[in-house]
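Asker: Sequence:
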Amino acid sequence: MQQPEETRQPRRTVIIVAIVLGVLACIVISTVVAGMALFWPVRSEITTVEPASDPVATSQPAEDTPSGIDWESDMVAEAIRNASADWAAHVTSVERLTVLRRPVILVSTDIGPEQADLSDQMSSGLATFAAGLSTPDGDPYTFSIQVLSSEGDMIGQVAVTDERWKLEAAATPTDAASLKSWIDETYGSGSPSAEAWTTRITGIESDAGDADGYVVISTDLDPTALGDLRAAQTIIDAVNSSGADFAFGVRVIFGDRTYEWSSLVDGTDPYYNQ
Numbered sequence: 001m002q003q004p005e006e007t008r009q010p011r012r013t014v015i016i017v018a019i020v021l022g023v024l025a026c027i028v029i030s031t032v033v034a035g036m037a038l039f040w041p042v043r044s045e046i047t048t049v050e051p052a053s054d055p056v057a058t059s060q061p062a063e064d065t066p067s068g069i070d071w072e073s074d075m076v077a078e079a080i081r082n083a084s085a086d087w088a089a090h091v092t093s094v095e096r097l098t099v100l101r102r103p104v105i106l107v108s109t110d111i112g113p114e115q116a117d118l119s120d121q122m123s124s125g126l127a128t129f130a131a132g133l134s135t136p137d138g139d140p141y142t143f144s145i146q147v148l149s150s151e152g153d154m155i156g157q158v159a160v161t162d163e164r165w166k167l168e169a170a171a172t173p174t175d176a177a178s179l180k181s182w183i184d185e186t187y188g189s190g191s192p193s194a195e196a197w198t199t200r201i202t203g204i205e206s207d208a209g210d211a212d213g214y215v216v217i218s219t220d221l222d223p224t225a226l227g228d229l230r231a232a233q234t235i236i237d238a239v240n241s242s243g244a245d246f247a248f249g250v251r252v253i254f255g256d257r258t259y260e261w262s263s264l265v266d267g268t269d270p271y272y273n274q
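Residue numbering for the sequence shown follows the working numbering, starting at 1 and increasing by one per position.
Simulated from the structure, these hints should not be mistaken for laboratory data. Owing to the predicted nature of the structure, the values given are computational and were not obtained by experimental measurement. Accuracy of the hints is not assured; some may be wrong.
[Claimed, not checked] The following label-pair restraints were derived from C-beta to C-beta distances:
hint	residue 1	residue 2	range
1	S206	D110	16 to 26 Å
2	T174	T199	39 to 49 Å
3	P223	F248	17 to 27 Å
4	A177	G227	27 to 37 Å
5	D245	D184	38 to 48 Å
6	D153	D207	19 to 29 Å
7	L97	P140	36 to 46 Å
8	G132	F246	15 to 25 Å
Note that the Cβ used here is the ideal one computed from N, Cα and C, for glycine as well.
All chains should be modelled from the sequences, with the hints used to inform the complete structure.
Answerer: So, in structure tokens, the structure goes:
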């Protein structure tokens with residue numbers, strides 16, 4: 001039977017050896033870690049703070065606001081095209097043209113030249129409709145509308161204008177010769193932008209044998225062409241836009257020398273009437 005001391009001795013030796021080995025391992029590990037720390041690159045993050053500065057104000061160009069009598073006329077013309085009122089059923093086409101240096105809306109219809117009541121209803125309905133339109137700012141539009149019959153002659157006119165529609169031109173003509181020069185300088189080859197109808201005039205003179213004192217404008221217009229009928233009306237309007245009052249009326253003679261249109265001369269600009 002073995003003595004107790006002999007059985008405990010080896011255990012103590014093993015424990016002491018384990019402790020010594022553990023201490024040595026810690027020392028080795030600490031030494032290795034310390035050595036690596038000396039040579040391992042240190043990661044660093046540098047955050048740069050910019051000095052505070054006032055925000056730079058950037059000016060943005062203001063959006064173009066639609067304006068001008070041309071734009072207003074375009075808006076009115078488009079509204080007429082999309083109208084659903086009773087009078088709109090008689091509209092066959094809507095055009096926006098530049099006539100006598102200002103925008104004009106031509107509303108062609110299926111109304112015959114003898115349907116006076118219907119043409120009056122058409123003009124009245126158009127006037128009420130157009131007057132109720134307004135710009136995005138709430139201002140009423142300005143416009144000049146001519147209503148044409150199925151044969152192309154004007155059966156109605158509706159206009160709302162302001163100072164922007166006033167024509168800047170030379171002095172009022174006082175006779176046929178000065179009227180011819182005035183039309184050429186204002187609307188024809190002597191103007192910045194010649195209008196086609198001026199090339200259709202072949203002569204302007206006073207009829208000495210006319211007791212009524214009409215001024216006679218000869219043309220090469222074709223009475224069977226709708227465009228030429230509009231040109232004849234434009235010539236009459238041009239005479240009135242000049243402010244002339246030296247003649248009682250104007251006669252527009254067509255190219256066949258027999259067909260003519262006549263009108264009184266009141267010296268009132270049909271596209272600016274204040």
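Asker: When the structure is checked against the list of hints, which entries are broken? Sort them ascending.
Answerer: 1, 2, 5, 7 and 8
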